[in-house]
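The primary structure of each chain is shown beneath.
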Amino acid sequence: MSYKVVHYINQFFANIGGEEMAHVAPELREGFVGPGMALNTAWKGEAEITATIVCGDSYFAEHEADAKEKVLAWVKEQKPDMFIAGPAFNAGRYGYACATIANAVQEELGIPVLTGMYEENPGADLKNKVLIVATANSAAGMRKAAPVMAKLALKIMKGEKIGASAEEGYMPNGIRRNFFEKEVGAKRAVDMLIAKLSDKPFTTEYPMPSFDRVAPNKAVKDLSKATIALCTSGGIVPKGNPDHIESSSASHYGEYSIAGVDDLTAETYETAHGGYDPVYANADADRVLPVDILREMEREGKIGKLHDFFYTTVGNGTSVANAKKFAAEYAQKLLQAGVHAVIMTST
Amino acid sequence: MVKEIERAGIPVVHMCTVTPISMTVGANRIVPTIAIPHPLGNPALSLEEEKAIRRKLVERALEALTTEVDDQTIFEV
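Line order of the protein sequences matches chains R and W.
Residue numbers 1 to 347, in our numbering, belong to the letters of the first sequence in order.
Residue numbers 1001 to 1077, in our numbering, belong to the letters of the second sequence in order.
The set of hints was computed from the structure by calculation and includes no laboratory data.
Be careful, since some hints might not be right.
[Claimed, not checked] Here are some, though not all, of the chain R residues that point toward chain W, as calculated from beta-carbon distances under 10 Å:
hint, residue
1, ASN15
2, GLU19
3, MET21
4, ASP212
[Stated by the list, open to error] The list that follows gives simulated cross-link-like pairs (lysine to any residue, SDA-like), each with its CA atoms no further than 25 Å apart:
hint, chain 1, residue 1, chain 2, residue 2
5, R, LYS221, W, PHE1075
6, R, LYS225, W, THR1066
7, R, LYS302, W, ALA1052
8, R, LYS129, W, GLU1068
9, R, LYS218, W, ALA1052
10, R, LYS225, W, GLU1004
11, R, LYS218, W, PHE1075
12, R, LYS225, W, THR1067
13, R, LYS325, W, ARG1007
14, R, LYS218, W, GLU1068
15, W, LYS1051, R, ASN282
16, W, LYS1051, R, ALA283
17, W, LYS1056, R, LYS68
18, R, LYS68, W, MET1023
19, R, LYS239, R, PHE309
20, W, LYS1056, R, SER224
21, R, LYS221, W, ASP1071
All C-beta atoms in this analysis are idealised placements derived from N, C-alpha and C, irrespective of residue type, glycine included.
Generate coordinates for the entire structure from the input sequences, incorporating the hints supplied.
Put into structure tokens, the structure is as follows:
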């Protein structure tokens, strides 16, 4: 008898389409679809994907309760030995959907779950609740990720004890597993120190927890005297994208003057973002960057001034390190310009 | 990006549709919006209705900026 697995994937991996199809509602299909084949192959008949659930990433994000309910009902009906979602690599909404739905299946149906994604994926926030295999940041990492996920999944289905995160390839989840190191601590410490001093790679055995939170700043006292700046990760740029901001994995941000601009129109602005359907933003970029409303409010005296420049980049697959760098840089420009508050919009 | 702006000392409000991602990222003032491809619009409505909704959302964002918070706060619309 082989173990039964239900697999969850998005519209892209099901070959339905990219962003333009991200709105599709969940559907249940028999057998494996797309990346499920790699898992089936790795199991060599010991386990098998008997059903695949396909759901659009935007659909899940925008109708989470409804999507969850449908998926849970199907999984319950299928009575699988395991539920696997993804891997999602660095796709933010997909990763979020994989981790969230896996967590729901585990908590509400008591079925073991596994997903996979890149460690910077926002879905990885649930790594202490859901077992998540760490993958590369693009689908090119599928060949590496599938065998790791398949092996770990089979171990779980067989009820075998799973090893430490470093051995099994999952993200550290706060659960300590004991095992015997080959070398004594003193030797490992000296080896690590030598590697560090000679600028060679080394892996710490005790990573410091990172809680990078910034405390909120004081509220704006008087809006009618405040200069408000607009920023976005939604990729709004002057028509033609003069600085060639990339549609994904942006390497830079844009700074554009909106002095004297009352309204963003289809003739003057567009989006460079490749991670959502651009039709609506291209027709009227105010839908992402509300220049028209803030200009109105400036005229009415509700706000002191709309800052003359806006800052923009594409948040699609852009690394956290780059996003940090961009904003740290333009925040200094905003400070120097005497901006009192910022509205950041994201798609 | 919101965190770096906050770190520089400027209060910032994050307007986005997938608020759990905003929480993960560490935004302190969050206003939920309409949909991923059109956070501040709704192409199903007339232009006037759409603008009225956009205005409401921006007003809520300004309210968030004038409200003191101690922790991450979602300002429902």
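Here is what the structure says about each hint:
1. At about 21 Å, the closest approach between the beta carbon of ASN15(R) and any beta carbon in chain W exceeds 10 Å, and the interface hint on this residue is violated.
2. Proximity of GLU19(R) to chain W holds as hinted, the smallest CB-CB distance being about 8 Å (cut-off 10 Å).
3. Taking 10 Å as the C-beta contact cut-off toward chain W, the hint placing MET21(R) at the interface is violated, the least distance being around 12 Å.
4. For the restraint placing ASP212(R) at the interface with chain W, the shortest Cβ-Cβ distance is roughly 7 Å, inside the 10 Å limit, so the hint holds.
5. The hinted pair formed by LYS221(R) and PHE1075(W) meets the criterion: a straight-line CA distance of about 18 Å does not exceed 25 Å.
6. Of the supplied pair hints, the one linking LYS225(R) and THR1066(W) holds, its CA atoms being roughly 12 Å apart against a limit of 25 Å.
7. A hinted pair counts as satisfied when its Cα atoms are at most 25 Å apart, and LYS302(R) with ALA1052(W) qualifies at roughly 16 Å.
8. Distance check on the hinted pair: LYS129(R) and GLU1068(W) sit about 32 Å apart at the alpha-carbon level, beyond 25 Å; violated.
9. Between LYS218(R) and ALA1052(W), the direct Cα distance comes to roughly 29 Å. Violation of the 25 Å bound is thereby established for this hinted pair.
10. A distance of roughly 24 Å separates the Cα atoms of LYS225(R) and GLU1004(W); the hinted pair therefore holds under the 25 Å criterion.
11. Restraint check for LYS218(R) and PHE1075(W): satisfied, since their Cα atoms lie roughly 16 Å apart, inside the 25 Å limit.
12. Using a Cα cut-off of 25 Å, the hinted pair LYS225(R) and THR1067(W) holds, with the two alpha carbons roughly 16 Å apart.
13. With a C-alpha separation of about 12 Å, the suggested pairing of LYS325(R) with ARG1007(W) holds against the 25 Å cut-off.
14. For a cut-off of 25 Å, the pair hint linking LYS218(R) to GLU1068(W) stands: about 6 Å separates their Cα positions.
15. Between LYS1051(W) and ASN282(R) the CA atoms are separated by roughly 16 Å; this keeps the pair inside 25 Å, and the hint holds.
16. A distance of roughly 14 Å separates the Cα atoms of LYS1051(W) and ALA283(R); the hinted pair therefore holds under the 25 Å criterion.
17. Of the pairs offered as hints, the one joining LYS1056(W) and LYS68(R) is violated, with about 30 Å between alpha carbons and a cut-off of 25 Å exceeded.
18. Between LYS68(R) and MET1023(W) the alpha-carbon distance is near 20 Å, which keeps this suggested pair within the 25 Å criterion.
19. A hinted pair counts as satisfied when its Cα atoms are at most 25 Å apart, and LYS239(R) with PHE309(R) qualifies at roughly 16 Å.
20. Between LYS1056(W) and SER224(R) the alpha-carbon distance is near 17 Å, which keeps this suggested pair within the 25 Å criterion.
21. As the CA atoms of LYS221(R) and ASP1071(W) are separated by approximately 19 Å, the hinted pair is consistent with the 25 Å bound.
When each numbered hint is compared with the structure, violations occur for hints 1, 3, 8, 9, 17.
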